[in-house]
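Each protein sequence line maps, in turn, to chains A and B. Mapping of the first sequence onto numbering that gives the first Met the number 0: position 33 corresponds to residue 32, and the numbering continues sequentially without gaps. Mapping of the second sequence onto numbering that gives the first Met the number 0: position 122 corresponds to residue 121, and the numbering continues sequentially without gaps.
Where chain A lies over chain B, by a calculated footprint (3+ residues, C-beta under 8 angstroms):
1) 63 to 75
2) 200 to 206
3) 400 to 414
4) 421 to 429
Quick caveat, the hints were computed from the structure, so don't treat them as lab data. Remember, predicted model here, so these are calculated numbers, not experimental data. All residues carry an ideal CB built from backbone N, CA and C; glycine is no exception.
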Amino acid sequence: MSDMTTKTAVPRKRSRRSSYNTGHPIVPWLYLLPHAIFFLGFIIFPVFYGLYISMHRWDPLLESQPFVGLEFYANLFKAGTPQSEFFWKTFINTAIFTVVSVPLLVGTSITLAVLLFKPIFGRAFFRSIFFMPGILSVSVMGILWKWLFENQSGLVNIILTEYLHLPGIPFLTTEGWAWVPIVLGTVWWTIGFNMTLYLAAMNNISKAIYEAAELDGATAFQQFRFITWPNLSSTTLFVVVTTVLGSFQLFGQPQLITGGGPVRSTQSVIMYITEEAFSNNQFSSAAAMAFMFGLIMLIFTAFQFWLQTRELRGSKK
Amino acid sequence: MKLKPLTLILAIAAASTAHAEYTGPKVEITYLHGFTGPDRPVMEALVKKFNDTHPNITVKASAQPWGTTWQQLAPLVASGRASDVVVINEDQVTGFIARGALTPLTSADLKAGGITKANFYGPLWKTADYKGRSYGVPVHSVALAMYYNKDLMKKYGINKVPTNRAEFLAAAKACTVDKNGKNPGEAGFDPKNLNTWANGVVNGWMGGTIAYSVLRQNGVNLVDKDLNAAFNTAAGQEAIQFLADQITKYQTSPANATEQSEINAFRQGKTCFNFNGVWMLEQYKGQAGLNFGVAPFPQLGTKMKAAWGGSSHLTLPKQRAGYDKNKRLAALEFIGWLTEPEQNLTWTSTGGLPTQAKVAADKSYDTNPINGLFEGLPNVYATSGYPWVGQVRGAWDAAVEAAILGKKSVKEALEDGQNEANKQIDQARKSLQ
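Chain B with its partners taken away, still in its complex shape (with noise of 0.2 angstroms):
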């Protein structure tokens, strides 16, 4: 893999995160991660480069689908016999963390590694935080970003790509043409044969990230201090009021609208914007005829900036009693190493977003469309730092469908689906007892 040149910035931040490396005998080390598709050989070279370079450590890396090692991992560290390192996602995390399958990373630790936190977007940092202490370090991230369609927005006379909800609903009116030509409030526009339309508002897991994502910027989070589900606010009806209004009040989106039909309209240039993971950037890029920028999620809601992120974290697993110190000093180090931000760099061929603004700072991204998203990483939040995640996200998910698709009103659905999902929390809080 060719590595892209580094800024000197890079280099300084290389050299100031200089530490003692490990010098103790020779160890090797397992790594189990889920890179297994596009992103598995540059993971892979990477792993390389550090045994090259490591003469002491030697690390053994495997990959296997994420889910697997989500049932996998629990019994193995039971067993003491988990891998030395294992990257575990945003939603995962927590749950890990809580269950008490993951070690802590004291200051002495991340010492050891060379690990700075400050280096690192701070809400990025935090996704692996829990009760204060810190269990992972970010290896991977990604957010949900907006793409718009150059052409069109021209075409319907958008210069300013939208960041506020007011931009958004002028430019979101702007881009929906019915079939006769007639935008949305004009006297027989008809919303069920639209030519072009703004942005479809969609159903399942992507329908609850971008809610969430809104959800945030009205100040709310999807739990409260206490970590019990507190969607259902005022400031939260507000937020998926706007989202159902696309399609009934404002009559910018098309009902029914799902992910997958989304993403084949901007394909074929029938809609401005598309909401969606950076994970598209690459089809996108490989659409003949579509010109496209991207741009960070526009503020839709009232008080401040936020978008979903999400992101893979190097962690280390529980081990039995009388675990080699030197394996977890030669993991700490690997750590380090690998999110030091040259190897980040390399890693964000992949399609993984910087860790940290240094990264970002590249010049190699002066020409990258993605360098758009960038100024809105500070504001990426995960949906982590508890450990029933996946219960509070089933619940949430199905409360914005069944409010989006109009089978409940917006305050319904949100009461029903904190209901459900504090239910949940109490029988998850016994399970943690």
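Chain A with its partners taken away, still in its complex shape (with noise of 0.2 angstroms):
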């Protein structure tokens, strides 16, 4: 009874505390308020005025700045007009990119974090070095690939050739092997911040697990596939959709490494996006071409979403 005496004490303090807090309504608000002003400044009012410039003829210089409604969002879907061409050609070229490089970054990084998890010889060097290019910068690490896959004199081609003795291969000015530079690079750059999220979650998974498993006879690969994977499936929906935002937004590789060449393939869309605002100045089709390209990315990540939870789903029912 005495006990429970202390305990009731226990809460008692919490309340006077909590009380203090909520004792004016205005509190937790003041409390809210320096993350509000941000979020209201820097997120909500640019949503919103982005929105009023994709609907309007905007530019600062200008007087007159007519409302024009869906015009420039309907320009994305009219036959003959150059956003619609070049818009949907990019958003395509991006989405090839996504489609080749989330495998390869999420494959790889797991594949990595499995091997470097194991207490092998010389692991914390190999996990520094994997790490290590992520520190670059993208202007370093885009003229890195470059110089590495220049048509004539890049190493690449150098080794092909002088080597090799196979014929070189033009990178930098073929359709489809533009790519190869741009997916290895950014494979090359970002792997280490996936690898790592892996091996903060392998940390998570009970050792006795293992234990068991190895008592009963089970193979690494089959450790793998039962224990490992379905524990790290939160870890993987978090990798997989960050990775395809991340591939999504693909500027500075391209931008460096090709020039979104040869003939616009490697020209993703917030390359043309940029091209429209900063190059054109059309900032409302711009604006628009923003919009658009983010309710694609938003529905996209709902429905990875959608599918990567469907089995936990399933499993409730």
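Dock chain one against chain two, each of which comes alone in its own frame, and use the hints as you go.
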């Protein structure tokens, strides 16, 4: 009973503190205010102002900024406009990059994580080595991979022609091949981050499960398939969604490695939106494209969540 | 920064531009420029010199990347917070003029600043002209040049630096030798295994820049008098066909050349010629064993001499109502002083070209390899004079790339490029209405 009395005394103290916090209805709002100011100023206002821009013919220098409604959105679906041609072309380019790069980025990072989770010799060294490219800026990464894959003078072509006596591959000016340095460079550059996420998640899997599996005679593959992989599902969902979103936002790599060429074949959506805004001075058209692209990404992300949580929802039933 | 000696000509020129200097109350003006590289200390030293010699004016200079300025200038002007003097490049300046971001420089303004437009290279000055009015004074100039490898030319018996199409083709053929020692046209010549070659036809922005030069040499501009895209003419097609023929017909260029691969090849002594901007001079100077010269871009076209040029112009943005007139006078004084021959000569140490013939005549250039280029400066043309340079250049570069890579026929590539550019121009016109 005395225990119970003690226990009731503690919540009373808490409740006093809590009553202090909620004593005045404005107090919680004051706590939220700093974040709310930034949220309103840097998220909500720009989003609505962006919508306003996309529905007007907007230019800060011009006095008249007439309302044009959904004209710039309609341009994306009207045959014959440069916007309809290039927005969807660059969207497909970006989608190709995403489809090719995401399995590589996820697959390689989980493989590395599994290999470097084991207490092998030089583990810390290799973890650092794979993580290190991620600290480089995109410009350093881009220049490096452009040098490597230069048509005549790149290291890859020198090895192909001079040492292996094979015909050189004009990577930077051939549609299709131009994606190779972009995709490989991206994998090299970003793999460390995903690998670290997987390593952290693997730390949380109880070693007892593996010990039990070993006693039952499970092979290394079986341990991965039935213990590691299912336990990493929430991390995989996070990694896949962030990697897909990151891949859709492709910009720096093709900008620096191929300049979007040859013949716009590696130009990404974000590159095209930037061109439309700051090279063509068509801010409203660029804003409309950005909203359209954002909407597509939103739908895509929702679909991914739905797809990857299907099992979970199924098990609840 | 140590000043190079000036000739008597420059001294007379400076004296001839003497004018009533600003004598109003002490003012401070802001100056925004994009010279953020090794040229920044030179610009800062010039500003300091101006401040030291003009007690009534203080110039507060700030440098930021060009791209940032292009993005910020419009909102800054709209909110009445633009710098008093802003440097704008040739491909951006007309767009800002047409959108009303800049104020014209009247005859009275030029007189107040002691600026004589006749002193500058004509096409260079006109770069910042729009609808008969001037909006900027050139402070920096660059141009497309031809670098040539003296040792390689000597080896292949080329005694004269090519200046026209026939001379270039003859030299190009002599320079192009495959791994078996054969030249183009000889039986068994293998264009895929070249030991040395003339000059690779490149793609991307540099490819478009070179192609623009040949287009101008054929008497065609990217736009017509109504400022619509007009490069798809018979003469325009001839210009691009000539470039494409370097790969397929004359076989003096490897296929799939890139700007960087050609720079590397020239540095390694594999090519007789390299077409690139004057900014490559310092890099090539630093290449051990490379014995090279610089000459004007040869006349590969059929009608006239021409080469692409780029420039930066000192401009006066539109200011809010009630702007201090003394600030404008002080800004004009600064612009006039900074573009005087003496200052321009100092500025050329950054790799910029002289903006005026009087500076090019200075004896300090006598041993400088870049002086080989000066003869061509009066024929340098910028992609400027219309507000939609970005749109037209984008479509042009893509069209040239498609033709050079053989993705489309020359006619088809230019047709598509021109259609694309004109659609973009229609949209730009709607915005500017």
